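As they're listed, the protein sequences go chains A and B. Those letters in the first sequence? Residues 1 to 175, by the working numbering. Those letters in the second sequence? Residues 1 to 162, by the working numbering.
It is worth saying that the hints were derived from the structure and are not from the lab. Treat the hints with caution; some may be incorrect.
Facing chain A, from chain B, some residues (calculated, C-beta under 10 Å) [unchecked claim]:
1) 56
2) 62
3) 65
4) 86
5) 89
6) 90
7) 119
8) 120
9) 123
10) 139
Here the structure is a predicted model, which means the values were calculated and not measured. Glycine residues also receive a C-beta, built at the ideal position from the N, C-alpha and C atoms.
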Amino acid sequence: MMRFILPFVVFMIVAAFLYVGLSLDPREVPSPLVGKAAPAFTLPQLRDPSKKFSPQDMKGKVWLLNVWASWCSACKEEHLVLMDLSRQNLVPIYGMDYKDKREDGLAVLREAGDPYTLAVSDIEGRIGIDYGVYGVPETYVIDKQGIIRYKQIGPVTAQNLRDKIIPLLAELQSK
Amino acid sequence: MRYLTILLFCLLPVFSYAGEAKDIAENPVLEKRMIGLAENLRCLVCQNESLASSHADLAEDLRREVREQMQKGMSDQEIINYLVSRYGDFVLYDPPVKKTTMVLWYGPFALLLIGVGVLIYQLRKRKSQIAETDLSDEDARRAAELLNETPELHKQPKDSQA
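Could you put together the complete structure from these sequences and hints?
Put into structure tokens, the structure is as follows:
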């Protein structure tokens, strides 16, 4: 009997490991920035580059920082979700146009609508590096103290808005 | 006039000579140090490529960042810390020993120990099994008979074929 049980147990253990392995996304690298203060920056605003924006201005508010670009195809899909979210008025969404030409970024907002309370441009992608951006789009949930609470790698979808982001926003806003 | 035109065309490649790869020419020592460091770092976009060999946009930006920090006089360790604080241990091909990486670092040794244990156990068990098999006289005679028979069994089909 043991002759059959032992290989079966070993098989089940290996199968369990492989099953878990299959459901992991290797593209999703956990960010060391979650739970830490959002890196400071001062960037020109997309619509009016003479004006600046800095995360310091957002102290006391819960907000989203969405990293996007006109050259990013996944962002187009996400754009619709963000438009929907902005209509619900749950949270201010700030956009960071990452490694993009100003006119291209503006064209997207003109054609597909503007979900952002404000958009800034990170033309050289330096602030992106400070935020550990490696695959656009990425979205950060930042709390009232300026701490990053959540990072969404890849497009925000209606499903993870409902399951994760909106409940987290409610929790952070009530604090 | 015609010769002048031809001459101008001949000179064209001189003008079109691109000023690319300027960074490398600027400071070869620094570039070498940067490549040496970047070879041990993983590119986050193409995860099976090092930061030194990747052509991804982000890898280029990060190489630029590393280059600038070297120019500022930062040590290799400081630059690694800079990247880890932003992208996590994932950028290291050589992850540090931590609670979360214990299995990674010591797991293979544990498996090896288990393997050695099983092997020793099996060998001991076999040894005791071998010792037990004492042949009776009758068994020995039968075994000898069978062994003597075998060569003939093999021979027969050969003969019939020939």
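Q. Would the stated hint for residue 123 of chain B survive a check requiring a Cβ distance to chain A of less than 10 Å?
A. violated, 18 Å
Q.
Using the nearest Cβ pair, does residue 89 of chain B come within less than 10 Å of chain A?
A. This hint holds: residue 89 of chain B lies near chain A, its Cβ roughly 8 Å from the closest one there, short of 10 Å.
Q) Is the hint on residue 56 of chain B kept, meaning its closest Cβ partner in chain A is under 10 Å away? A) holds, 9 Å
Q | chain A contact restraint on residue 86 of chain B - CB to CB distance below 10 Å | A | holds, 4 Å
Q | Cut-off 10 Å, beta-carbon criterion: hint that residue 139 of chain B touches chain A | A | violated, 27 Å
Q: Have a go at the residue 120 of chain B hint: is there a Cβ in chain A nearer than 10 Å to its own Cβ?
A: violated, 17 Å
(Q) Quick check on residue 62 of chain B please, does its C-beta sit within 10 Å of some C-beta on chain A? (A) holds, 7 Å
Q. Taking the closest Cβ pair, is residue 119 of chain B under 10 Å from chain A?
A. At about 15 Å, which exceeds the 10 Å cut-off, the nearest Cβ of chain A leaves the hint on residue 119 of chain B violated.
Q | When the least beta-carbon distance from residue 65 of chain B to chain A is tested against 10 Å, hint result | A | holds, 6 Å
**Q.** Supplied contact hint for residue 90 of chain B, tested at 10 Å Cβ to chain A
**A.** holds, 5 Å
Comparing the model with each numbered hint stated earlier shows that hints 7, 8, 9 and 10 do not hold.
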